[in-house]
Structure formats: structure tokens, C-alpha cells
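Undergrad: Based on these hints, arrange chain B on the given structure of chain A.
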Amino acid sequence: MSDSSAPATSGSAAHDPNGAPGAALTTADGVPLKQSLNRAIRRSRIKALLLVAPLLVFIGLAFVMPIFDMLSRSVDNPEVSTYLPRTSEVLVDWDGEGLPEEAAYAALAQDLAAGLKARNLGRVASRLNYEKSGMRSLFMKSARRAGRMEAPYKAALIKADEDWEDPDIWRLIKRESSPLTASYYLAAVDRQFSPTGEIVEKPEYLQIHVSLFIRTFWMSAAITGLCLLLAYPVAWLLATLPASRGNLLMILVLLPFWTSLLVRTTTWIAILQQQGVLNDMLVGVGILAEEARIQMIYNKTGTIIAMTHILLPFMILPLYSVMKTIPPSYMHAARSLGAGPITAFRRVYFPQTLPGIGAGSILVFILSIGYYITPALVGGQSGRFITNFIAYHMQTSLNWGLAAAIGSILLVVVSGSGIGCSACCAR
Amino acid sequence: MFCVLCALIFLFLIGPILVIIPLSFNAEPYFTFSEKMLSLDPDGYSLRWYQEFFTSDEWMRSIKNSIIVAVCATVLATVLGTLAALGLSSRFMPFRNTIMAILISPMIVPLIISAAAMFFFFSKLGLTQTYLGVILAHTALGIPFVVITVTATLSGFDHSLTRAAHSLGASPSRTFFRIILPLVTPGVVSGALFAFITSFDEVVVVLFIAGPAQTTIPIQMWSGIREEISPTILAVATLLVLVSILLLTTLELIRRRNERLRGLTPS
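Which chain is which? The protein sequence lines are A and B, in order. By my numbering, the letter at position 361 of the first sequence is numbered 361, and the numbering carries on one by one without gaps. By my numbering, the letter at position 215 of the second sequence is numbered 1215, and the numbering carries on one by one without gaps.
No lab work stands behind these hints: they were computed from the structure. Accuracy of the hints is not assured; some may be wrong.
List of simulated lysine to any residue pairs, SDA-like, C-alpha gap at most 20 Å [claimed, not checked]: (1) A:Lys47 x B:Asn1097; (2) A:Lys47 x B:Arg1163; (3) A:Lys47 x B:Met1093; (4) A:Lys47 x B:Phe1092; (5) A:Lys300 x B:Phe1012; (6) A:Lys47 x B:His1166; (7) B:Lys1124 x A:Ala391; (8) B:Lys1036 x A:Leu278; (9) A:Lys34 x B:Arg1091; (10) A:Lys47 x B:Ser1155; (11) A:Lys34 x A:Ile46; (12) B:Lys1036 x A:Val277; (13) B:Lys1124 x A:Asp76.
The following label-pair restraints were derived from C-beta to C-beta distances [said to hold, decoys possible]: (14) A:Ser133 x B:Ile1014: 48 to 54 Å; (15) B:Phe1054 x A:His332: 53 to 59 Å; (16) B:Glu1028 x A:Ser382: 26 to 32 Å; (17) B:Glu1028 x A:Ala222: 32 to 38 Å; (18) A:Gly98 x B:Ala1101: 52 to 58 Å; (19) A:Asp166 x B:Glu1058: 52 to 58 Å; (20) A:Ser126 x B:Glu1058: 30 to 36 Å; (21) A:Asn120 x B:Tyr1131: 27 to 33 Å; (22) B:Asp1043 x A:Ala222: 42 to 48 Å; (23) B:Glu1058 x A:Leu50: 30 to 36 Å; (24) A:Thr396 x B:Lys1064: 28 to 34 Å; (25) A:Gly420 x B:Cys1003: 36 to 42 Å; (26) A:Ala222 x B:Ile1014: 21 to 27 Å; (27) B:Gln1051 x A:Ala118: 54 to 60 Å.
Listed next, the stretches of chain A that the computed footprint assigns to chain B, with coverage defined by at least 3 CB atoms under 8 Å from CB atoms of chain B [as the list claims (entries may be wrong)]: (28) 265-278; (29) 388-398.
Fair warning: this is a prediction, and the values are worked out from it, not measured in the lab. We treat Cβ as the ideally placed atom computed from N, Cα and C, and that holds for glycine.
Next up, chain A with everything else stripped away, as it sits in the complex:
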């Protein structure tokens, strides 16, 4: 739209009466043509950038910065160093052996009293409670007495609560006073620091995330496989039918694609629940006894059926667009050269659809591991995904650092598989 100025100036340069033969071409006002062209290009470039700039700034502020904020939140650890400033300073010099000196106890007593007064002690107490349960009550209890304590503080604090005689608690405070922490990531994979600072597994009854990650991956893989199985024949049919009938059938794919996600989830609840349409039908026909109604929803089955339905169009559409480009003459040629229908399909048609299979599968897989709404509504206890725990830590347990860490892991998995696949497809 803006590139018209360059040809216009070069046109006038050709007719420039002052331009001596052999000298560099110049424009009407004597500027060398090359320079003038460069300037025109630079102007177009700036114009293009200016057009994109507002959106770039917007996406930067409303999307990219939040993502980076989440990534930094997953390692950010300001609580102990901010709200226990004196203690963290004294503990820098402590070697972690035995109990710290009187100075550390004095600093802690001061910090506790100050924190209680400024009403921010709760934050550091909750933060440490994520690492070791009981820390919250230990802090609150000791803080209430800290104001009246007198030297020697070591004896006074231990008298307030004998837990202060436990070196592990001091090691925990020392470890968490560093401004960055790996403990959210460790918690996200069911690990923790042992009192001596090694990384160990959490006790079995507290392990939830790893099994959820694994469940999310295998269920997503199952959903992807089911989608592929169902999408392949349909895409083939759509791609080979004459356009008029193909377009008509295409509506059957596009309508669910365009229908609200919640509507489709609701329909599956209506169909699959115990008093629902499908069970009624089976009982009505006599396949099932009235009391043997099957529980098909609020479990893994429900999640897999509903999500396969929701994600199926995402598999059909890429497959369809790839199959549309395969000329039918290839199959005819294979058949006329003596290949049976199965051989012709396996050796000629199928390999050409691989890009579509790859694109569709990765799309469905990525969408599926990041799904939240459907597993939350129809998954019950056993069909929940890791995404449901991100929501849980954000809204219920309020451990935002852990939510950010799980989110970051998921983000890395998703972008990793996306980049990996596009690299494969580009080859």
C-alpha cells in the first residue's frame, strides 16, 4: 500500500535532465537513487512496524508479561527474607550444625514481635507451613509471647515452644530465606527437601501430582488415539465425496465445532448419567435391568467420551485438508499396477496422509492435556486432570506458587511437543 513512492521516484530519475551520463542515478532533487530508495524502504518498514506496534504492546502487557510473571512466581520466594529480615541476615553465617547462637534467637524474637504488630507474620507462617506442617501454629504461638520476652532469648523461645530446640526448623528457615526457591517445583513433582537439604520423595499419602500428570498424559493419548480412529474414515469420506454432498456433511462436523464447549459437555451429562437418555434406552430395550444402570459419567469413561466428542473436529479438519490434496489418480495407478486395496492403501495412500495425522494428533494432544472445563464437570474423582489441580491450588489451597509451578511445567510440555512436532513436520 505504501510501496508506490519508490517506483515513482525511480521513474523521475530516469528522465532527470541534470543527471550526467555515467554518473550515479539521482532523483529530481539531486539525491542519489540508491539513497532515496533506501529511505523509501526504511519509511515503509517504520510504517509497518507502527501498524503492528499497538497490538504488540497490548499482547506484551496483557499476555506475555502475565506468562513471565507466572514463570517467575514459580521460583519467587520473598516471604522469609522480607518478613523475617533480621533472622535471615543472622542465619547467613550459620553453618547449619546444631542450634544457632543466641543472636539468631534474639533476631527471631524481634522479627516475630514486629511481624505480629505489622500483621504480615501470617504470610511467612503460611509459606513455611507449605514446607512443614505445624509451622504456622508454631509461629503464631511464639509471636504472641515474643513481645514480652527478655534475654536470653534462646531460653525464652524454647520455653515458649520446645520446637525451637529442633535444628531442622532452623535449617528450614535458613533454606527458605534465599530469594529463589525450587521447593514449588519439587512439590509439583511430589518431592521435598529433607531436613538436611537433600531432595526426597514426599510420604506416600501426600503424593498426588505425579500420578495426575501420568493420568493426564495417558488419557490425552487415549483421547488422541480415539479421535484419530474416528476421524480418519470420516475425513476420507469428506475428501472423496463430490463437493455438493461433501459440503453438506461438512456441516455435521462444523456445527459441533462451533457449538459452545459447555453446551456439548452438558449434552453428555444429559445422555450418560444414570437416569439419562442412554441408560433409559438400554433399559427400555431390555439390554439392562433397571437396577443395573451403568455409571458412565463422573469417571474416566465420561471424560474420555466427552473429550473425544469435543476434540474430534480438531482431528477431522487437518486430516481432511491433507486428504483433499491427494489426487485420486495415485490410488487408481496403484490398483492398476496390481496392488490389492489394502496394499494400495498401506503403501500409497496412508503415507501421504501422515502430515495430517501428525498435525491433528499433536493438536488434539496439546488441547487435551490443557483441558480444564470438561474433566472438571464430568470427570468426577477418577477422571480429573492436572489442570484441575492448578485451579485447586489457585482457588482453594491458595498456594499460588505451586499453581504457578504446575502451570509452568505444563507450559513447557505443551510448547515442547508443539515445537518438536513442527520441526518434524517441516522435515
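TA: Below, chain B without anything else, positioned relative to chain A:
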């Protein structure tokens, strides 16, 4: 055999959507067909769930919220996205691929992660539980659709037309309004429709960012499904299916008109 298989898959795709439409006219507060409905007795059918929907303050307020948010987000996303697409389709655009990747990233990042990230960030800025926060979030989610559709339309755009307009003496603004805009409009409108439906259907981000005052239709449905499941939800679902049919038809008409226009312009 193959045809039966395909028919079954199509039934799987479209069946659920067809089932809820008659169910929403159920006279009983159940999620299944009553005997009266199956024997086509008019008594088995009623409009009571639609009446409930249209007379409920909560649902009406959520419709209002949905429309406010979706319209504002669509306008913002369309204006910013169209401008950016014009820049991106320029031959002289530097770092095009990188910028394109950044602009469409909201579409690729899983919604729950976008929602978490925006929630953390917006809560620092005091934007959670405000209309502005929800609108900004939905604008970001709608932008990739606008950028992709408008860039696609512009990639088939014949730049000699603008040069012809310039050489015939049209000013840049006149060229934009009389030549570029009419040709690009179908792409912009489809992009805007995509952005609108993205915002209108979006649950996850609103769930975290919106407060009770910003309840939208999807949120109202979400809490309806979780708490007391009443056939009013089926009535809403039926209405939303109608909305998507309407939208699909509009997009198809735009596509056809576009093809016709393209067919007329020699390339």
C-alpha cells in the same frame, strides 16, 4: 459396511446436539425423555424452561454481561488486529515470523495457563473482579483469530489495485476507505465473529478473573451444572446452538461472497 461406520461417527458428532433440543422442551424437571414425550403427547412438552430462563434476573444479567464483554473485546481485538495485519502483510515488515508467533501465542497456550497467569498478574494491578480485566483478557484471546483471518485475506490481496488508485490521484486515506477496506472487510468481519464467539463461549479465564458482578452466560451455566442441574440449562444450550448455527451460516455467506468478489477481480 464403511458407510454404516461413517454414519455412526456422524451420529456421534451431531447426535448429542440433536438430543438436547427436544429435551429442553421437557415438561418435567428431568434430563431424560418422559413417557409422554416419547408418545408425542403435547402435555409432555412445554416452554417452562424457556420461560424460566427469560424471567430469571440472574440469567438476564449474565446475558447482559456476556454481550458487554464480548462486544468490547471484539471491537478492541478487531481494531488492533486489523491494523497489525495490515503491517504484517507489508513486504518490508521486519521480524515477521517472530512477531506473528508472539501475536498468536494466546491461541496456543492452554487456557488454564493463560487464566492462571492473567489472574496472578491482574490481581497485582487490581484488575481482577472488574469488567476491564475480563475485557482485556478476552481481547488478548480473540486477537489471534483476527490476525490470522485478516492476514490470510490480505495475502490474496492484489497490491497493484492500491498502486492504480494512487496513480489515478486518490489520497492514501481515500485509497484505504474506497479500495482496501471493501476488499478486506469480509476477512475483518470473519475475524471479528471468531473473536466474538471466543469471548462469548470462554469459561476458564472468566472463572478466575471475573467477580460475581461480571458473571457471564458460560459462568452461569458452569455453576448451574455444578450445583443444581435444572433443564433451564438445556434451554440455554438450545439457544446457544441456534446462535452457533446463525454464526456458521453468516461465515459461510461471507466466504461465498468473498469468493465471488475474488472471482471478479482479475489477479
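Undergrad: If you check each hint against the structure, which ones fail?
TA: Number 23 only.
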